[in-house]
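K.L.:
With these hints in hand, go ahead and build the complete structure from the sequences.
There are 2 protein chains.
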Amino acid sequence: MDVTISQSTFERALSVAGRAVPSRATLPTLTHVLLQAEPGRLKVAGTDLNLAIITWEEALVSEPGGITVPAKPLAEFISALPDEPIHLRVHRETWTLQIVCGSYETAMKGLDPEEYPILPDLEGDGFALDPEDFRLAIDQVTFAAAADETRPILTGVLIRWEEGHGGGAGGAAALTLAAADGYRLSVKTLPVLRAPVAASEPGSTFSVIVPASTLKEVGRILKGETEPVSMMVLRGRNQVGFRLSRAAVLSQLIEGQFPDFQAIIPKRWETRVEISREALWKACKALSVFARETSNAVRLALIPGEGDQPGQVLLQSRSPEKGETRVAIDALVEGNRLEIAFNVRFLMDVLEAIEGDWVAFEMTTPQSPVKVLSVGDPSFVHVVMPMFL
Amino acid sequence: MDVTISQSTFERALSVAGRAVPSRATLPTLTHVLLQAEPGRLKVAGTDLNLAIITWEEALVSEPGGITVPAKPLAEFISALPDEPIHLRVHRETWTLQIVCGSYETAMKGLDPEEYPILPDLEGDGFALDPEDFRLAIDQVTFAAAADETRPILTGVLIRWEEGHGGGAGGAAALTLAAADGYRLSVKTLPVLRAPVAASEPGSTFSVIVPASTLKEVGRILKGETEPVSMMVLRGRNQVGFRLSRAAVLSQLIEGQFPDFQAIIPKRWETRVEISREALWKACKALSVFARETSNAVRLALIPGEGDQPGQVLLQSRSPEKGETRVAIDALVEGNRLEIAFNVRFLMDVLEAIEGDWVAFEMTTPQSPVKVLSVGDPSFVHVVMPMFL
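Chains as they are written, first to last, in our numbering: chain A, 1 to 389; chain B, 1001 to 1389.
Honestly, I wouldn't trust all of these hints.
Stated by the list, open to error - Once the Cα atoms are required to be at most 27 Å apart in a straight line, the calculated BS3-like pairs of lysine-lysine come out as:
id, chain 1, residue 1, chain 2, residue 2
1, B, 1282, A, 285
2, B, 1282, A, 109
3, A, 282, A, 216
4, B, 1072, A, 282
To be verified - Some chain B residues flagged as far from chain A (calculated, every beta-carbon gap over 10 Å):
id, residue
5, 1004
6, 1084
7, 1105
8, 1183
9, 1193
10, 1325
11, 1341
FYI, nobody ran anything at the bench for these hints, they're computed from the structure. Positions of the beta carbon are idealized from the N, C-alpha and C atoms, including for glycine.
P.N.:
In structure tokens form, the structure reads like this:
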């Protein structure tokens, strides 16, 4: 291998692929990154066997070939080098990577790339997705997935396809993404730019469960991406792949049956409030200080307007040790007056996931699931359980 | 107490005074801040009994008085409020602080301010110091103080005054600051704008040892200060005080005898190098990646120039696991060729403390203390022990 690549390009590639590299592993080669010189480009890859991230960056390749080297020290060292061309050469007798940059000369110990796991190429027909739409969908859904592994299925995001049941604007072709942790549920419909041939047949359906952590990594890499992303399911390997213009992410799927989330979404309401997302978020942030000792509980009183008076949302949190705080926010309140309590962390999470200026809450009783909507955006639905006080 | 103060001002005061508040304390009142309304201003103070930080901020005071409230929740809550006037009122029957800001209404549980430690006023004659000079001196000296408590005296900074032995530019009145941790020593002379009357008598001397952690806090508060700072020693209380325009820091002194640091400073050299501070720092940063498994050791070869050839500093670090790296930097090398090794962390520390573009190292043998100077700045001297390899 004999490659010349710019320092900033190499630094970026190592930072992207490095996110899949475990800090410890029983197999030493897994703490390495794979460097593979192909005609005109350098491939940099990392994997923990569940998740793999592969990037390709433009490089001057005089001689193809590869090596693996410890990921963290290499990334740290390359980021400390001056922004000049870096010359990489492999000595195969000792599996040493020679790194020359300006007046720096370095020999780094590596391993034979043959010992590295084989990462399949992501060729083939997939769902083409707009990168910005997909990034937003990931942000709006993954936060509702479970963080603990008690029920592994809930650490995943359901991605479902039903030909002819798009659900997106005007019933266009769309994927449905859903995540739930037992206390809350996020559902998002994501337009499909182009469906693969196999999925385009009438009545064609499928669903997979992708680890939320995988999708968060995909979301991170999507920042700044301008080309459509291709999502493909590798059925034989029980894997899902995401192909970007200069990177690919490959991940194991989670096996099992995702809960019937449609049944959880409330179909009617007795009280509905439309409120400024920013004002409510700021109030939650301030009140959270007083909510710590009471399991993050905040109480809301939803008071419909009368005559010229606007409706109001009164928020209150109380700590036996610190005291109590309350704030009133003008809002459009329809239906019955209602008092209800929430985990303030859950409220803040969904308010951060929504992009619009106005958010709607649809409620029936203080003990029933609450529907949260982004006003004017039918593609997103959230459900959150109130707290019982 | 009945006070109106702007949210941003109150937030800043709580953040400054809060740095002296311990997160846990056997005496509950110590985890509180003291709020004391005085004519035209609100005093906010925190202390852990070793260190006290007091700030005064402009406020509309309708009724003087005071209270103490838990420092962390109050600071966190105030920082979450909108930037509007905050109205503070104390209910003495229950020692409750009422906080009203916009539509927020809060009652926070506090304690009688009589239970709070008495913090003496810092009135009287002190050393007047330029705030920017003092901040720089603190940065250049405190990093060399010991972090561990094995020898408590070394966690302090010696501040010494000898009338007529200024040591500063032109022998003007100056304080000497020194800190050492057994491996390195930093000495700085700091001009005095005005000495107190008692210290102005011929032959007058004194020295105190101030905790380095105290000086770091003073340095933090000094950012943005434009007025001279007054340093005064409260002999009867074994304390030192620093009076700024809107804040004061009060600290216990460390008792004991500071090592004779003058004896440690080398008086002559066999090899002297002048080198770009930035180039050397960057090289240290890159080489540090390979120095982790060898106690952070980097080797330097100092090679004098010959004829038209400039001198060079060759740096090298080697890890039995990762490999090795080397870099050459052009430099002005006088005297004998020398090979020597340093803890790269110590090199980076002193390079970060120096402000000038060029740094000089004066050496005799690979085992002798090395003098480090900022070229063109006689007010700073550093000594670092080489590593024995």
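K.L.:
Next step is simple, just say for each hint if it's right about the structure.
P.N.:
Taking the hints in turn, this is what the structure says about them:
Taking the CA atoms of residue 1282/B and residue 285/A, the gap is about 41 Å. The hint is violated against a cut of 27 Å. Taking the CA atoms of residue 1282/B and residue 109/A, the gap is near 22 Å; set against the 27 Å cutoff, the hint holds. In summary, the hint linking residue 282/A to residue 216/A is supported, as the alpha carbons are separated by about 25 Å, within the 27 Å threshold. Annotation: proposed proximity of residue 1072/B to residue 282/A holds, straight-line Cα distance about 18 Å (limit 27 Å).
Against chain A, the non-interface label of residue 1004/B holds: every CB pair exceeds 10 Å, the least being about 18 Å. The Cβ of residue 1084/B lies farther than 10 Å from every Cβ of chain A, with a closest approach of about 12 Å, so its non-interface assignment holds. Here residue 1105/B does not stay apart from chain A, with its beta-carbon only about 5 Å from theirs, under the 10 Å limit. Its beta-carbon lying about 24 Å from the closest one in chain A, residue 1183/B satisfies the requirement of being farther than 10 Å from that chain.
At roughly 41 Å from the closest C-beta of chain A, the C-beta of residue 1193/B stays outside 10 Å, upholding its exclusion from the interface. With a closest Cβ-Cβ approach of about 4 Å to chain A, residue 1325/B is found to fall inside the 10 Å limit, against its non-interface label. Every C-beta of chain A lies more than 10 Å from that of residue 1341/B, the closest at about 19 Å, which supports listing it as non-interface.
The structure is inconsistent with the numbered hints 1, 7 and 10, although it conforms to all the rest.
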